[in-house]
Each structure stands twice: as structure tokens, then as C-alpha cells.
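Q: Chains as they are written, first to last, in the numbering used here: chain W, 102 to 381; chain L, 102 to 381.
Since the hints were made in silico from the structure, they are not lab data.
One should not assume that every hint holds.
[As the list claims (entries may be wrong)] With a cut-off of at most 30 Å between alpha-carbon atoms, the simulated DSS-like pairs for lysine-lysine come out as follows:
#  : chain 1 : residue 1 : chain 2 : residue 2
1  : L       : 299       : W       : 355
2  : W       : 198       : W       : 208
3  : W       : 364       : L       : 304
4  : L       : 364       : W       : 299
5  : L       : 183       : L       : 160
6  : W       : 186       : W       : 256
7  : L       : 179       : L       : 204
8  : L       : 301       : W       : 198
9  : L       : 301       : W       : 256
10 : W       : 351       : L       : 336
11 : L       : 159       : L       : 204
12 : L       : 304       : L       : 322
13 : W       : 376       : L       : 351
14 : L       : 237       : W       : 322
15 : L       : 198       : W       : 299
16 : W       : 299       : W       : 351
17 : W       : 304       : L       : 299
18 : W       : 186       : W       : 198
19 : W       : 186       : W       : 121
20 : W       : 237       : L       : 322
21 : W       : 351       : L       : 376
22 : W       : 351       : L       : 301
23 : W       : 304       : L       : 204
24 : L       : 301       : L       : 237
Residues per chain, in single letters:
There are 2 protein chains.
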Amino acid sequence: MIVTIVGLGLMGGSAAIDLKKRGLASHIIGVDHDSINANAAMHIGFVDELLELDDAVKKAELVILAIPVDAALRVLPKILDKVDKQVVTDMCSTKGKLLEWVKYHPKRKQYVAAHPMAGTEFSGPWAAISNLFDGKAVIMCDTEDSDIRALALVKRMFETLNMRVIYMNGANHDVHAAYISHISHISSFALALTVLDKEKNEKHIFDLASGGFDSTVRLAKSSADMWAPIFEQNKENVITVLNTYISKLKEFRKHIENDEPEKIRQLIQDSNRIKRVLFK
Amino acid sequence: MIVTIVGLGLMGGSAAIDLKKRGLASHIIGVDHDSINANAAMHIGFVDELLELDDAVKKAELVILAIPVDAALRVLPKILDKVDKQVVTDMCSTKGKLLEWVKYHPKRKQYVAAHPMAGTEFSGPWAAISNLFDGKAVIMCDTEDSDIRALALVKRMFETLNMRVIYMNGANHDVHAAYISHISHISSFALALTVLDKEKNEKHIFDLASGGFDSTVRLAKSSADMWAPIFEQNKENVITVLNTYISKLKEFRKHIENDEPEKIRQLIQDSNRIKRVLFK
Chain W
102 MIVTIVGLGL MGGSAAIDLK KRGLASHIIG VDHDSINANA AMHIGFVDEL LELDDAVKKA
162 ELVILAIPVD AALRVLPKIL DKVDKQVVTD MCSTKGKLLE WVKYHPKRKQ YVAAHPMAGT
222 EFSGPWAAIS NLFDGKAVIM CDTEDSDIRA LALVKRMFET LNMRVIYMNG ANHDVHAAYI
282 SHISHISSFA LALTVLDKEK NEKHIFDLAS GGFDSTVRLA KSSADMWAPI FEQNKENVIT
342 VLNTYISKLK EFRKHIENDE PEKIRQLIQD SNRIKRVLFK
Chain L
102 MIVTIVGLGL MGGSAAIDLK KRGLASHIIG VDHDSINANA AMHIGFVDEL LELDDAVKKA
162 ELVILAIPVD AALRVLPKIL DKVDKQVVTD MCSTKGKLLE WVKYHPKRKQ YVAAHPMAGT
222 EFSGPWAAIS NLFDGKAVIM CDTEDSDIRA LALVKRMFET LNMRVIYMNG ANHDVHAAYI
282 SHISHISSFA LALTVLDKEK NEKHIFDLAS GGFDSTVRLA KSSADMWAPI FEQNKENVIT
342 VLNTYISKLK EFRKHIENDE PEKIRQLIQD SNRIKRVLFK
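All chains, full assembly: derive it from the sequences and hints.
A: If you want it as C-alpha cells, here you go:
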């Protein structure tokens with residue numbers, strides 16, 4: 102099958118590698134408006150050919166959109182305008198606005214909204230790796246608006262990436278993504294800003310980072326181009342969870358200020374319950 | 102050399118494993134007031150003998166204190182009361198109060214204050230692993246108050262654990278530890294509390310955790326017995342950095358509320374500078 106991947110970064114590139122290696126894609130066409138990324142993808146070798154969007158869509162059987170959510174709002178309708186029998190899917194981290202955007206597009210049925218819950222803190226074609234998606238969950242949204250053939254193909258594609266398929270409506274997806282993934286990123290960005298602000302001695306940051314800071318701040322290496330539009334598009338849910346997060350931090354602050362070790366201990370023990378959940 | 106380790110959890114146990122394996126310790130005596138931990142340490146095999154504190158100190162050449170910081174305030178003076186020629190060190194995450202506590206102890210010179218910047222989110226003797234300390238930094242504090250022989254022995258011990266030795270005074274240590282390590286833990290505990298609070302569907306947490314949540318929340322599995330006393334003892338520094346952290350989160354919230362994607366992008370790009378620091 103000929104697969105077109107629009108956006109040759111971490112997500113698109115990693116998908117390209119495994120779809121080819123595992124035999125679902127016989128030929129991969131890459132599209133990227135950034136010529137450095139496009140050429141890197143050819144050089145690294147995970148795309149077979151670079152084309153402009155129109156030709157790339159025309160030649161493909163499956164089109165995978167792997168670009169930031171703000172760009173996706175512009176590009177997805179353009180792709181749907183061009184499709185004949187092609188199936189289109191995406192990898193965006195917010196779904197509500199995108200789904201609303203194409204709700205009445207005449208080719209809506211050929212599009213399957215998806216969010217593979219995988220990634221690393223790195224970005225660009227150089228960050229693409231094999232096995233990125235293995236064992237992780239992919240959320241497919243509002244699948245009742247996609248036709249059966251499109252759904253089957255996209256499902257097969259994600260199963261080739263060894264992902265577990267979960268179904269959710271777009272609005273629910275955005276709530277849960279904010280509550281779990283988006284807040285983790287803000288927490289980590291703010292932590293990096295705090296440490297850079299307070300700790301003027303960068304050597305100390307490096308030396309003391311193994312005290313847990315390194316894992317907590319890992320996500321703060323994530324791309325601004327990808328994350329700023331996510332927070333913008335998922336504004337309401339992100340604000341809701343951010344309010345709760347700030348209030349939890351204030352609880353810690355209050356109990357530390359008031360010398361209440363038993364209450365601090367209780368907060369920590371309550372937070373330890375996350376172990377049980379993540380082991381499931 | 103006979104080494105006594107007081108506190109047979111993650112830190113003490115991991116030290117025991119490598120000090121024996123790498124030949125610095127010929128015989129390891131374990132002390133733990135919790136008989137389950139003590140027996141587990143014998144059963145796992147990283148201690149050769151269990152003794153009460155007094156006998157364990159008497160028989161040893163080097164005593165390593167690896168217990169929570171509140172307990173250390175009680176136990177360190179007791180150990181120093183018993184020492185003859187023994188050298189004593191500790192692994193506590195706050196140093197100011199402990200150093201003040203024993204400042205005028207007649208055996209102060211035989212004690213070397215140390216904080217190995219290593220760990221995992223797990224605790225107890227079952228969490229002890231080889232190579233935990235390799236390549237990490239150990240901070241030795243107020244070393245001018247320790248005698249040369251004690252310092253040389255403790256340095257040799259941490260070098261056997263393959264650690265880089267850094268010197269800092271106790272007050273500075275507590276500032277930097279709060280700015281980097283302690284805030285990371287609060288950030289992670291509060292994140293776990295937030296997600297457990299907002300996301301009632303635990304299955305969703307599990308499914309969506311690979312979106313970055315898992316690494317950011319890792320530290321929220323850490324022990325309350327260890328961390329509550331740390332925040333208590335390092336109260337002022339922790340409050341200072343917590344205030345900055347909350348204000349950074351509020352900046353994110355403001356820009357998201359006001360639909361200012363360029364300002365969000367700028368905050369993220371500023372936070373990305375942490376990459377450069379951690380690569381050093």
C-alpha cells in the first residue's frame with residue numbers, strides 16, 4: 102500500500118519506519134513544508150519520495166496527518182478536498198475543534214480521527230524511532246462519522262504499530278487528555294522555568310538533577326510548536342485541571358507553612374495511590 | 102572493613118550491595134528498628150548480621166546512617182555518643198538542621214555530612230539495587246568540621262560507589278536541594294493528587310499515562326515517611342521555590358485564558374533551555 106505521511110517529525114517519522122518495516126506500507130511518500138525536515142527524512146531514509154501535498158494525496162491509499170494541531174485545522178480540509186477514495190487519519194493531541202472543523206465536509210466519512218498516546222520529549226525527523234507506538238493506546242474518536250472501510254484500514258494501520266485501540270467521543274477525549282497528558286506537560290514546563298529562574302548556577306542543576314528532577318522535567322524539552330496550540334485548542338479543560346493543580350500545590354504550601362507534618366504525610370500517601378492505578 | 106548500615110531501605114541497601122561487591126566492606130552489619138525490613142535485608146542477603154544500634158556501632162569502623170531526616174535527628178547524636186574511633190556519615194536529603202543539631206557534639210569531627218544525589222521512586226529493602234549511585238554526585242557539607250581521617254574514609258566509600266564528590270556548606274545545600282530536588286517531588290505529588298481527583302476513571306489514567314504523565318508522576322510513588330520530614334526541615338527554601346512554581350503556573354493559566362498563543366509559545370521556549378543545562 103502507498104502511504105502518504107504529512108509532517109515528517111517524531112510521530113510521522115516513527116510511524117513511517119514501522120509501517121514499512123512491518124509490511125503495511127510498500128512505498129512511503131513524505132510531505133513537509135519545512136525543506137530541512139523533508140530532506141532529513143529522505144536522508145535518514147524513512148520516506149521513499151517527497152512530493153507536494155496535492156500529488157502526495159492523489160498517489161496514496163492512506164494519508165496520515167502528523168502535524169501540530171493548529172496546522173491540522175488548515176491542512177485537514179485541504180486534504181479532504183482532494184481525496185477520491187483515499188482514507189485519511191491524523192495523530193493530533195486535541196480532537197474537539199478539528200472534528201467540528203470538518204464535521205460537514207462532504208468527504209468526512211473518509212477521515213478517521215485518532216490520537217496515538219505515545220511520544221518522547223524529542224522532536225523532528227531525527228527523533229523518529231522504531232517501536233515508539235508498541236504497546237501504547239490509540240484513541241479513535243467519533244468513529245460513527247467514519248465509514249467502515251476507512252475505519253478498518255486505520256485500525257489495521259494502528260494495529261500494525263502494535264497499538265491498543267480505544268474508542269471515545271471527541272469531547273471526552275479532550276477532557277481526559279487535559280486531565281492526564283496536557284497537565285503533565287504544563288507541570289513540567291513550569292518546573293523547568295522555576296528551576297532556571299531560582300537556580301542561577303547551571304552546574305548545580307546538572308549535579309543535582311539526579312535527585313528526581315531529571316524525570317519530572319523531561320517533558321519540558323517538548324516542542325513549543327506542538328504544545329502551544331494544544332493548550333489553546335483545549336483551553337477550557339486545561340484551565341479546569343490547572344486550577345485543581347494549583348490548589349493542590351497550595352495545600353502543600355499551607356501545611357508546610359503551618360508546620361503540619363501529619364497533613365503533609367497524608368497528602369503524600371494520598372498521592373501514592375497513583376501506584377495502584379498505574380500498575381493496572 | 103566492617104561497615105554498619107543504619108536503615109536498611111533503598112539507600113542503605115543499595116550501598117550495602119556495592120560496598121560489599123566492590124571489596125570496601127568485608128562484613129556488613131545491619132540495623133533497622135522495623136523487624137520486617139531487618140529480616141528482609143538478611144533474607145535478600147545484603148547484610149551479614151543484624152545487631153542493635155549500640156553493638157553495631159561498637160563493632161564497626163564506618164557507620165552509615167540511611168534513615169529519614171526526622172529520625173536522623175534522634176539517632177545521629179545517639180551514634181556519636183557511642184563512637185570511639187568510628188567514622189560516621191549519613192545520606193539525608195536535608196543538611197542544615199542535622200548539622201546544627203550535632204555542631205557542638207564532642208565527637209562532631211568523626212562525622213561527615215553527605216547527601217548522595219541518587220534514588221528511585223521505590224523504597225524499602227526490596228528496592229535496593231546495585232549501581233544505584235554510579236556516576237551520580239554526592240554532596241559533602243561543612244567538611245571543615247570533620248577531621249581528615251574521617252573525610253578520607255567517607256570520600257573513599259562514596260568513590261567506591263562511583264560517585265563524584267562535590268563540596269558545599271549545609272545551608273547552601275538545602276537551598277539548592279529545595280530548588281531542584283524537593284520542588285520536583287512536590288510537583289509530582291500534586292500532579293498525582295490532581296489526576297486522581299479529576300479523572301475518576303482509573304482505566305483512562307492507565308491508558309493515557311504514556312502521554313508523558315508516567316514520567317512526570319513517577320516521583321509521586323515516593324515514600325511519605327521520607328519526604329514529609331524533608332519538607333518540614335527545609336521549610337523556608339521549599340516555600341520560596343513553591344511560590345515561584347505556583348507563579349509560573351499562573352502565567353501559563355493567564356496566557357491560556359487570554360488566548361495568547363505567542364506568549365505560551367515563549368514560555369515553553371524559555372523552559373526548553375533546560376535541555377542545554379542538562380546536556381552539560
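Q: Next, verify each hint and record whether it holds.
A: Here is how each hint holds up against the structure:
| no. | hint | result |
| --- | --- | --- |
| 1 | L:299 to W:355 | holds (21 Å) |
| 2 | W:198 to W:208 | holds (17 Å) |
| 3 | W:364 to L:304 | holds (28 Å) |
| 4 | L:364 to W:299 | holds (21 Å) |
| 5 | L:183 to L:160 | holds (11 Å) |
| 6 | W:186 to W:256 | holds (17 Å) |
| 7 | L:179 to L:204 | holds (14 Å) |
| 8 | L:301 to W:198 | holds (24 Å) |
| 9 | L:301 to W:256 | holds (27 Å) |
| 10 | W:351 to L:336 | holds (14 Å) |
| 11 | L:159 to L:204 | holds (22 Å) |
| 12 | L:304 to L:322 | holds (18 Å) |
| 13 | W:376 to L:351 | holds (28 Å) |
| 14 | L:237 to W:322 | holds (22 Å) |
| 15 | L:198 to W:299 | holds (22 Å) |
| 16 | W:299 to W:351 | holds (19 Å) |
| 17 | W:304 to L:299 | violated (38 Å) |
| 18 | W:186 to W:198 | holds (25 Å) |
| 19 | W:186 to W:121 | holds (21 Å) |
| 20 | W:237 to L:322 | holds (22 Å) |
| 21 | W:351 to L:376 | holds (28 Å) |
| 22 | W:351 to L:301 | holds (22 Å) |
| 23 | W:304 to L:204 | holds (29 Å) |
| 24 | L:301 to L:237 | violated (38 Å) |
Figure legend: structure checked against the earlier numbered hints; hints not met, in rising order: 17 and 24.
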